[in-house]
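On the provided structure of chain A, position chain B as indicated by the hints.
As a plain string of letters, each chain reads:
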Amino acid sequence: MDETTLLDSGLMTHALDLRPQAPIKLIIQQSTAVLCPLVATRVFAGFPSPAEDWTEGRLDLNEYLITHPNATYYVRVAGDSMSDEICEGDLLVVDRACEARDGDIVVARVATEFTVKRLRKRNGQMRLEAANPAFSSLILDEDSDVEIWGKVLWSIRRH
Amino acid sequence: MTIFALCDCNNFYVSCERVFDPRLIRRPVVVLSNNDGCVVARANEAKVLGINVGEPVFQIKDLIKKHDIQVLSSNYSLYADMSYRVMGVLRDFASRIEVYSIDESFRQLNQRDRDLSGLGRAMRTEIYRQTGIPVSVGIAETKTLAKVANHLAKKSQTANGVLDLTSSQYHDCALERTPIDDVWGIGPRYAKKLIAQGITTARQLRDLDLKWVRENLTVVGARTVEELRGHSCLALEYCVPAKKSLTCSRSFRRAIENRTELREAVSSFTVRVGERLRSSRLAASVVTVFAETSRFAAGHHYSNARTVSGCATDTTSELLRRSLACVDAIFKPGERFKKAGILLSDLVPISPLTGRLFDEPEWHRSRALMRVVDRINANFGRDTVTFAGCGQRPRWQTKFERRSPRYTTNWDEILVIA
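Chain order of the listed sequences is A and B. Just so you know, my numbering puts 128 at position 128 of the first sequence, and the rest follows in order with no gaps. Just so you know, my numbering puts 18 at position 18 of the second sequence, and the rest follows in order with no gaps.
Chain A with its partners taken away, still in its complex shape (with noise of 0.2 Å):
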């Protein structure tokens, strides 16, 4: 592996980690921000560690939620035109790598705007719809001004 693909891959920060005081620079990404040592680093003086050999990194929540790390954005909900499917203040993690589909939720851009909704494809029809009933649908033709800009993979709310 040649150093691009080690530190694609974030084995590159995992190593140089380990060397003690290393004043790192990280080029700012999403990947692991909790970095765990991949072998352990403490020798005891008496008998060796049994888990010597059973030393893996510690699971990581960033490797579960995103698929496409430079694709990946996060955002805000404000308002409540998703209720109850996602609510004010909700973190989202949008990814634009993905190819929304038919009941996707989706960050859209409506002219000059950003609105979360649920994409629906019917008929050759497209539509932006609310879940909060008292929100109408957006229908989508030729001449509107739009843009899917991401797809909503997850909603982290806090409770």
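Honestly, I wouldn't trust all of these hints.
[Said to hold, decoys possible] What the simulated footprint calls covered on chain B by chain A, stretch by stretch (three residues with Cβ under 8 Å from a Cβ of chain A suffice, anywhere in the stretch; the number is not a length): (1) 3–17; (2) 20–26; (3) 51–57.
[Unchecked claim] To list a few chain A residues with every Cβ distance to chain B over 12 Å, as calculated: (4) P69; (5) N70; (6) R76; (7) V94; (8) G103; (9) L140; (10) R157; (11) H159.
Please keep in mind that the hints were generated in silico from the structure rather than gathered at the bench. Nothing here was measured: the structure is a model prediction, and the numbers come from that model. Ideal placement from N, C-alpha and C gives every residue a C-beta, glycine not left out.
Positioned in the frame of chain A, the structure of chain B alone reads:
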């Protein structure tokens, strides 16, 4: 034969802003330099209004009002992150790319890839899909020609962002349409010299006698001519060459007229550049400080620089001793300083164990202190601990009054959507 592709983001800073603020789409937008001084990036809609890069913002006040131009401070945290994303997508296409600047990178293509423009279009589509940044791709036999192709890909309607110059019938026409000062490697001085000789296009440059070129434009010029002829002289550079110098400079929001304030400003630059020096594991022996008054004020302009050298060092305290000595030599009462900066040169690699012949204990104490300070600042944020000489609430500090939120690097500033 190798083939190069140059992928260049269109109006990168403006494009980054537009990804997160749709109100900026299809409107004239400019991004300003540090301190909101000059224009550093323009949307196409602002280019057609005749706004140039480098123009001081006060000189285009009327244009801004008349055309309702959107003016933004530079948001470097955003641009750096978006650049990293764009390069990341490109790495999915080719594991080895040369990141040439924040918004440009080269990669090599295989001759086996028969549909080169198809590949270029795929890169363009994928980068836009994942990041929202539009790019142009120029493809040719040499890096210099790939640059030419990229320029034209941006300008030409039919190219639609991708131009493959390897089919040679376009070569002459493309070079004909490239002004001499747009040729990669031809600086303003050579451009002037060539234009004086009646050589105004890349095609004319290519067809010059190599001997004449070597005599008048040195081997560097000759290499450019060879590259324009399709003979590759410049390979991809995967590794960043070791830094030869480090610099930090700013223009001031308000002119500085007293010595203490100038010392504070230069101290802050010294602290910054010292951090970068240590994170690169380098030490510097030569410290140069420069300061100048406004270039735009009528008549009088004062500009001066001083250099102090000594043992190679990487501690901020030693750097400060030298940089402040420079300030004292440069400062002149009555001058209104608008810009200053520091340059460290003669850089050498250094390790934690590097010793000193004379002041050994002092040297090790001072370096240990810097390590602690750097770690505190890395954990708790820039300037948590700093030198008192930097001043408390500096009035000269950079202004970013119209900076957009740092959408991708700060939790408090992410996009909010209703």
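Verification of the hints:
no., hint, in the structure
1, 3–17, "violated (count 0)"
2, 20–26, "holds (count 3)"
3, 51–57, "violated (count 0)"
4, P69, "violated, 7 Å"
5, N70, "violated, 4 Å"
6, R76, "violated, 5 Å"
7, V94, "violated, 9 Å"
8, G103, "holds, 20 Å"
9, L140, "holds, 16 Å"
10, R157, "holds, 15 Å"
11, H159, "holds, 19 Å"
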